[in-house]
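> Sequence order for the protein chains is U and R.
Per the numbering used here, the first sequence starts with residue 1, numbered consecutively.
Per the numbering used here, the second sequence starts with residue 1, numbered consecutively.
Keep in mind that the hints were calculated from the coordinates and are not lab data.
Virtual Cβ for every residue (Gly too), placed ideally from N, Cα, C.
Incorrect hints may have been included.
Which bits of chain U does chain R cover? Going by a derived footprint, with three or more residues having C-beta under 8 angstroms, they are [unchecked claim]:
hint	segment
1	15-23
2	59-71
3	80-94
4	97-103
5	116-130
6	147-160
7	167-180
Over the 10 angstroms line for every Cβ pair with chain U, so calculated as not near, a few chain R residues [as the list claims (entries may be wrong)]:
hint	residue
8	Arg9
9	Arg26
10	Asp31
11	Pro46
12	Pro86
13	Glu101
14	Glu183
Here are the simulated DMTMM-like cross-link-like pairs (lysine to aspartate or glutamate), alpha carbons at most 20 angstroms apart as the crow flies [what the hints assert, rightly or not]:
hint	chain 1	residue 1	chain 2	residue 2
15	U	Lys69	U	Glu85
16	R	Lys69	U	Glu209
17	R	Lys157	U	Glu209
18	R	Lys157	R	Glu209
19	R	Lys69	R	Glu101
20	U	Lys69	R	Glu209
21	U	Lys157	R	Glu126
22	U	Lys157	R	Glu209
23	R	Lys95	R	Glu209
24	R	Lys157	U	Glu126
25	R	Lys95	R	Asp70
Protein chains: 2
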Amino acid sequence: MAAFQEAERQAVYRAIFERRDIRRFRTDRLDDEVLERLLLAAHHGPSVGFMQPWSFIVVRSPEVKSRVKDLFERERQAAACFYDEPRRSKYLSLKLEGISEAPVNLCVTCDPQRGGVVLGRNSQPETDVYSTCCAIQNLWLAARAEGVGVGWVSILKLPQLRDILGIPPHVIPVAYLCIGYPETFPEQPMLESEGWRRRLPLPDLVSYERWAPPPREAEPS
Amino acid sequence: MAAFQEAERQAVYRAIFERRDIRRFRTDRLDDEVLERLLLAAHHGPSVGFMQPWSFIVVRSPEVKSRVKDLFERERQAAACFYDEPRRSKYLSLKLEGISEAPVNLCVTCDPQRGGVVLGRNSQPETDVYSTCCAIQNLWLAARAEGVGVGWVSILKLPQLRDILGIPPHVIPVAYLCIGYPETFPEQPMLESEGWRRRLPLPDLVSYERWAPPPREAEPS
Numbered sequence: 001m002a003a004f005q006e007a008e009r010q011a012v013y014r015a016i017f018e019r020r021d022i023r024r025f026r027t028d029r030l031d032d033e034v035l036e037r038l039l040l041a042a043h044h045g046p047s048v049g050f051m052q053p054w055s056f057i058v059v060r061s062p063e064v065k066s067r068v069k070d071l072f073e074r075e076r077q078a079a080a081c082f083y084d085e086p087r088r089s090k091y092l093s094l095k096l097e098g099i100s101e102a103p104v105n106l107c108v109t110c111d112p113q114r115g116g117v118v119l120g121r122n123s124q125p126e127t128d129v130y131s132t133c134c135a136i137q138n139l140w141l142a143a144r145a146e147g148v149g150v151g152w153v154s155i156l157k158l159p160q161l162r163d164i165l166g167i168p169p170h171v172i173p174v175a176y177l178c179i180g181y182p183e184t185f186p187e188q189p190m191l192e193s194e195g196w197r198r199r200l201p202l203p204d205l206v207s208y209e210r211w212a213p214p215p216r217e218a219e220p221s
Numbered sequence: 001m002a003a004f005q006e007a008e009r010q011a012v013y014r015a016i017f018e019r020r021d022i023r024r025f026r027t028d029r030l031d032d033e034v035l036e037r038l039l040l041a042a043h044h045g046p047s048v049g050f051m052q053p054w055s056f057i058v059v060r061s062p063e064v065k066s067r068v069k070d071l072f073e074r075e076r077q078a079a080a081c082f083y084d085e086p087r088r089s090k091y092l093s094l095k096l097e098g099i100s101e102a103p104v105n106l107c108v109t110c111d112p113q114r115g116g117v118v119l120g121r122n123s124q125p126e127t128d129v130y131s132t133c134c135a136i137q138n139l140w141l142a143a144r145a146e147g148v149g150v151g152w153v154s155i156l157k158l159p160q161l162r163d164i165l166g167i168p169p170h171v172i173p174v175a176y177l178c179i180g181y182p183e184t185f186p187e188q189p190m191l192e193s194e195g196w197r198r199r200l201p202l203p204d205l206v207s208y209e210r211w212a213p214p215p216r217e218a219e220p221s
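So here's chain U without its partners, still in its complex pose (with noise of 0.2 angstroms):
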């Protein structure tokens, strides 16, 4: 396969680095077309063995996704309950999801027997969850190329979100993502531009032959 010209890898980091969690949702249909697409994506990820081990649950329904907003405004109570004051406050006022503006929900499974014994996993079974957010993250980039919003709710608790969708217990759902056209893609995360917390410095996260702790400045702010 050729090599990728200039203008083409600056698509491929401009998706990088202009990617961001969204949770502001225009109310626009998402075509059909379109979610297939960003589902082919996600397939194409990598997977230990070629497992393959996701699958895709897309949710329109507004009932289900009421029930899912419901788990959401339970755990972000529960949640708030470890910071204190003012970070508690500002915790509560920051918006997280987009679960019932969103046109497409979708949560991105797991299944850690599909395949038998698979190849490469015999040292380290956590590798299918791997390969699925590697897939998850297919789909994130495809989306911001399409100008198509994701946003990844993890303020939710697994056993209700499995009762919710019908997942069996050995199926693990891995993301509960919100999907459609954002209102902005920001020019930064929304963690940072709110002050929440900072990026941290690349260099203090690189090192050389052995493993060394990061400076103390790189730790949270």
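Given the coordinates of chain U, work out where chain R should sit on it, guided by the hints.
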């Protein structure tokens, strides 16, 4: 931020569809500037609560590579015990890594303690590792756009890898990657072209509103 032009969109999909797990490398040096761009791409991965839990250990030393290669060889033989013939011989015939030949090896780690109480991790603490995997996929796609190959070696026992690289017990070695210029980017994943396992039909992996088991045909060949 502006919309992507059609050519930019296509370039992102091209990187996604033409990314491969590379095990055969040319010995050309990987320039520091290229490696820096790949690490910067990884560092722009999404992370729960903007936690940025990743660190990067760059390995160029033949001595360190040699210790990792030895670890791989033992584990490769151990894993072979779990296959019956003829699959065992097939497994042992496959070229699964390029640890020694690749000019750079990169261990990507995840520090679950980084960032204190991380927003969004109260319900799903494993999202720190998920974030790290998304960062790795950024690096993998950026590499494809640079004409650089990446191979993920998961046939390694983690306690021994920690020992070789001096990684503390609480830090998770998520990926051990081989990075360099590939002999070629194959048209298909190697495990597909070798007949080890086929690509599953995407429609079998998609359900609506609720989880559904994939049809039996979607299960392993």
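> Which hint numbers doesn't this structure obey?
4, 8, 11, 15, 18 and 23
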